[in-house]
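K.L.:
Read off the chains here:
Number of protein chains: 2
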Amino acid sequence: MGDISQLSKEDLKTKLEHLQETYTSYQAKNLSLDMSRGKPCSEQVDLSKPMLNLVTSEDELKTPNGMDVGNYGGIDGIQEAKVLFSKIFEVEPKQVIIGGNSSLTLMHDSIARAMLFGVNGEKPWSQQEKIKFICPTPGYDRHFSLCEWFGIEMITVNLIEGGPDMDEVEKLVQSDESIKGIWCVPKYSNPTGQVYSDEVVDRLAQMETKATDFRIFWDNAYAIHHFSDHPNQLKNIDQACHEAGHGNRVLQFASTSKVTFPGAGLSAIASSPENIESIKSQISFQTIGPDKINQLRHVRFFEKEGSLEEHMKKHADIIRPKFEKVFERLELHLHGKEIATWLKPEGGYFISFNTLEGCAKKVVSLAKEAGVILTGAGATYPYGNDPFDQNIRIAPTYPSLEELHVAIDVLCICVEIVSIEKLLA
Amino acid sequence: MGDISQLSKEDLKTKLEHLQETYTSYQAKNLSLDMSRGKPCSEQVDLSKPMLNLVTSEDELKTPNGMDVGNYGGIDGIQEAKVLFSKIFEVEPKQVIIGGNSSLTLMHDSIARAMLFGVNGEKPWSQQEKIKFICPTPGYDRHFSLCEWFGIEMITVNLIEGGPDMDEVEKLVQSDESIKGIWCVPKYSNPTGQVYSDEVVDRLAQMETKATDFRIFWDNAYAIHHFSDHPNQLKNIDQACHEAGHGNRVLQFASTSKVTFPGAGLSAIASSPENIESIKSQISFQTIGPDKINQLRHVRFFEKEGSLEEHMKKHADIIRPKFEKVFERLELHLHGKEIATWLKPEGGYFISFNTLEGCAKKVVSLAKEAGVILTGAGATYPYGNDPFDQNIRIAPTYPSLEELHVAIDVLCICVEIVSIEKLLA
Numbered sequence: 000m001g002d003i004s005q006l007s008k009e010d011l012k013t014k015l016e017h018l019q020e021t022y023t024s025y026q027a028k029n030l031s032l033d034m035s036r037g038k039p040c041s042e043q044v045d046l047s048k049p050m051l052n053l054v055t056s057e058d059e060l061k062t063p064n065g066m067d068v069g070n071y072g073g074i075d076g077i078q079e080a081k082v083l084f085s086k087i088f089e090v091e092p093k094q095v096i097i098g099g100n101s102s103l104t105l106m107h108d109s110i111a112r113a114m115l116f117g118v119n120g121e122k123p124w125s126q127q128e129k130i131k132f133i134c135p136t137p138g139y140d141r142h143f144s145l146c147e148w149f150g151i152e153m154i155t156v157n158l159i160e161g162g163p164d165m166d167e168v169e170k171l172v173q174s175d176e177s178i179k180g181i182w183c184v185p186k187y188s189n190p191t192g193q194v195y196s197d198e199v200v201d202r203l204a205q206m207e208t209k210a211t212d213f214r215i216f217w218d219n220a221y222a223i224h225h226f227s228d229h230p231n232q233l234k235n236i237d238q239a240c241h242e243a244g245h246g247n248r249v250l251q252f253a254s255t256s257k258v259t260f261p262g263a264g265l266s267a268i269a270s271s272p273e274n275i276e277s278i279k280s281q282i283s284f285q286t287i288g289p290d291k292i293n294q295l296r297h298v299r300f301f302e303k304e305g306s307l308e309e310h311m312k313k314h315a316d317i318i319r320p321k322f323e324k325v326f327e328r329l330e331l332h333l334h335g336k337e338i339a340t341w342l343k344p345e346g347g348y349f350i351s352f353n354t355l356e357g358c359a360k361k362v363v364s365l366a367k368e369a370g371v372i373l374t375g376a377g378a379t380y381p382y383g384n385d386p387f388d389q390n391i392r393i394a395p396t397y398p399s400l401e402e403l404h405v406a407i408d409v410l411c412i413c414v415e416i417v418s419i420e421k422l423l424a
Numbered sequence: 000m001g002d003i004s005q006l007s008k009e010d011l012k013t014k015l016e017h018l019q020e021t022y023t024s025y026q027a028k029n030l031s032l033d034m035s036r037g038k039p040c041s042e043q044v045d046l047s048k049p050m051l052n053l054v055t056s057e058d059e060l061k062t063p064n065g066m067d068v069g070n071y072g073g074i075d076g077i078q079e080a081k082v083l084f085s086k087i088f089e090v091e092p093k094q095v096i097i098g099g100n101s102s103l104t105l106m107h108d109s110i111a112r113a114m115l116f117g118v119n120g121e122k123p124w125s126q127q128e129k130i131k132f133i134c135p136t137p138g139y140d141r142h143f144s145l146c147e148w149f150g151i152e153m154i155t156v157n158l159i160e161g162g163p164d165m166d167e168v169e170k171l172v173q174s175d176e177s178i179k180g181i182w183c184v185p186k187y188s189n190p191t192g193q194v195y196s197d198e199v200v201d202r203l204a205q206m207e208t209k210a211t212d213f214r215i216f217w218d219n220a221y222a223i224h225h226f227s228d229h230p231n232q233l234k235n236i237d238q239a240c241h242e243a244g245h246g247n248r249v250l251q252f253a254s255t256s257k258v259t260f261p262g263a264g265l266s267a268i269a270s271s272p273e274n275i276e277s278i279k280s281q282i283s284f285q286t287i288g289p290d291k292i293n294q295l296r297h298v299r300f301f302e303k304e305g306s307l308e309e310h311m312k313k314h315a316d317i318i319r320p321k322f323e324k325v326f327e328r329l330e331l332h333l334h335g336k337e338i339a340t341w342l343k344p345e346g347g348y349f350i351s352f353n354t355l356e357g358c359a360k361k362v363v364s365l366a367k368e369a370g371v372i373l374t375g376a377g378a379t380y381p382y383g384n385d386p387f388d389q390n391i392r393i394a395p396t397y398p399s400l401e402e403l404h405v406a407i408d409v410l411c412i413c414v415e416i417v418s419i420e421k422l423l424a
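Protein chains in written order, with numbering that gives the first Met the number 0: chain Z, 0 to 424; chain H, 0 to 424.
Just chain Z, same shape as in the assembly (with noise of 0.2 Å):
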């Protein structure tokens, strides 16, 4: 069947009453199925469960280096947990802090640092009249509430191929002063897939901003989360920061949440040496340090494993068939007509698609009656609104390939009826 927009109104009437007949249908199984957030499936949980058997009580709690991870101490982690995310963030392992399970955790408090004590010598954020960041949209809802809870005004500028748009985003912190950060997942971008360019990590490094208490807040949640044996590769923009002479303008963050346990991974930030050492101190102030029971745990465990590498094909091995899987049905029921169009990431959490313009949040609350639950429509931009209404996040990972065949069912007969109901209006 092709481009629905070219049927008479008769016949998207008779398709209509079809549609919603066999939407009935879906609404009498009583689904229950929740394609809303970037959460593993328990397939993928269970791949790190070994890890749970490789500290035990016959152990010393020593690591490799003699470090005694049962008592307190070692504010950043112990050495090997540093070279194991040194690999991820391409720096050195001193340029690292491991923090606790929640990468989120370390941003918040990157945010809430600079707001009391400020950046790079300026004055306290929550001191400064206005504060800025640039949010590329679309984008991850968390970032998005974070800015809204420490009252940071959020500009959007378009993710395009290869990144933000960089004309843009140049233009406004040549100018603009109260913008002090930027919010990149640079690699599998929640929800589009990109890959950031080499041109767009390169011109980050180099732009001049105004504020000099100017941060990019560079959230690698995918580093390397990857379907294929052949990843996309991401410019290093540690080493592109230095190499302009913006040493300290990044911070980089990362997480096992999606590698081993959601809940109960390793989480870490890196950056300057010179932003590590002034975080160090701050921290110190804040906790003795962070959990290295568990980190021997996760070195342990990746040793094993043979490499991060080896053990993130097994997670591959589990959520490809999934992204294949909504690609067949969105295909199947979708393909040329005309009303929706969908990104194929090769790596990450998520499938970006857009309806016709206005339809999303209509979708979203139709599928939800039907029992499937998506991102709410809107959650992908500032202040949950999206100015077309048309992005939809879906989240793949979490149900079984049955419950997804389903949903995806379900959320393509929404779009058909939405969309129908639309150019019927």
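Worth double-checking, as some hints may not be accurate.
For chains that are exact copies, the list does not tell them apart, and a pair is met inside one copy or across any two.
What the hints assert, rightly or not - Distance condition first, Cα-Cα at most 30 Å in a straight line; then the derived DSSO-like pairs of lysine-lysine:
1. LYS279 <-> LYS360
2. LYS343 <-> LYS312
3. LYS48 <-> LYS303
4. LYS321 <-> LYS61
5. LYS14 <-> LYS324
6. LYS336 <-> LYS14
7. LYS129 <-> LYS279
8. LYS28 <-> LYS61
9. LYS313 <-> LYS336
In short, the hints are calculated from the structure, not lab data.
Got chain Z sorted already, so can you dock chain H onto it with the hints?
P.N.:
Showing chain H alone in chain Z's frame:
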């Protein structure tokens, strides 16, 4: 031997020479003994190692209530962990939030939130002209450095028998709107070991404060850390505040850092249901939730141990002899000489030791030169400033009995030397 101050100058000089010879002989031993921090010894840490076998790859990662601990979620912790801490705090489980591995983080973050977002609907503390905290002294150095870090002015109030001098506290909080908090270590206070009396608890709960955004920071770090089977009872501050019509006044903190693993335990905060709801909504921007696998480990462990109390008896059996060793050596060397006093706590981690006025810094420094590290003199006072330069905190838990024997002998010699030098000056 009796009161040293009664000796003639000649006798003092002879005695000093002998002491200096002994001191030199200790120096020759190249000792390296650390009594600076309240750090559990390895035998204590080992008590909890069986916990590491209680969540393994064979397990379903589920709580008794059916919650999945392997995945995201549960911002306030698993129900069973809340029940565990509710017993320590003597509150309802719904009044508890489980944190990461460090109660210091919960205290730090509580202040950070007050700074940025305010308390009780009042202006954020960072936007008020001046913020002050009452600091009963001697007290815990990390509380004081937190205040210094956040720019909070510290007002010292004497810690007397049964708690802070409440006449003074009441006078202060009734008259000064900028006083927003008081630090309390109500049981086996750090470092004096005192337990707050019922009267002090009631007066803290009932007192009128000029600031409507006043909070008691109730760091109940040693709530269950008794030496005897007939522990001191601490009146329930949460209930007392509730009954006094100040239900939101108190924030309680505790952790298992000195119960299970100092670096890998659980921390928790307790307060009124209203405060807890507010904190939960605030931290939802900061984390998806704490490490629930570690919580499950802890819950299973205490089930197996019988109870928290049973487990703590094992700790007491290890550290009680260490405290007794310190008292024995102090008695032997210093009894009746009228150059030092010390308290005999019935729980906790410290012994508060007072020299003659103006001697503490010299004693700590002299001991250090003989390889015995004590907490820095002055650390038990805000800004590191002990007005009488006489308080020394002894932390006897980490060294072995043999090491303690030597360390306290060295301490006593240093005290005698510095005291005689003072008398001769």
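K.L.:
Each hint needs a verdict: does it hold in this structure or not?
P.N.:
Evaluation of the provided hints:
For a Cα distance limit of 30 Å, the shortest separation of LYS279 from LYS360 across copies, 28 Å, qualifies, whereas the shortest one inside one copy, 44 Å, does not. For the homomeric pair LYS343 and LYS312, the shortest alpha-carbon distance inside one copy (19 Å) is at most 30 Å, but the shortest distance between copies (60 Å) is not. When the C-alpha separation of LYS48 and LYS303 is checked against a cutoff of 30 Å, the pair qualifies both within a copy, at 13 Å, and between copies, at 22 Å. In this assembly of identical chains, the alpha carbons of LYS321 and LYS61 lie at most 30 Å apart only when taken from different copies (25 Å versus 40 Å within one copy).
For a Cα distance limit of 30 Å, the shortest separation of LYS14 from LYS324 inside one copy, 25 Å, qualifies, whereas the shortest one across copies, 89 Å, does not. Taking the shortest Cα distances, LYS336 and LYS14 sit within 30 Å of each other inside one copy (13 Å), while across copies they are farther apart (102 Å). Taking identical chains as interchangeable, the C-alpha atoms of LYS129 and LYS279 lie at most 30 Å apart whether they share a chain (27 Å) or sit on different chains (27 Å). In this assembly of identical chains, the alpha carbons of LYS28 and LYS61 lie at most 30 Å apart only when taken from different copies (28 Å versus 54 Å within one copy).
With identical chains, the CA atoms of LYS313 and LYS336 are never at most 30 Å apart, being 36 Å at best within one copy and 72 Å at best between copies.
This entry does not satisfy hint 9, going by the numbered hints stated previously; all others are met.
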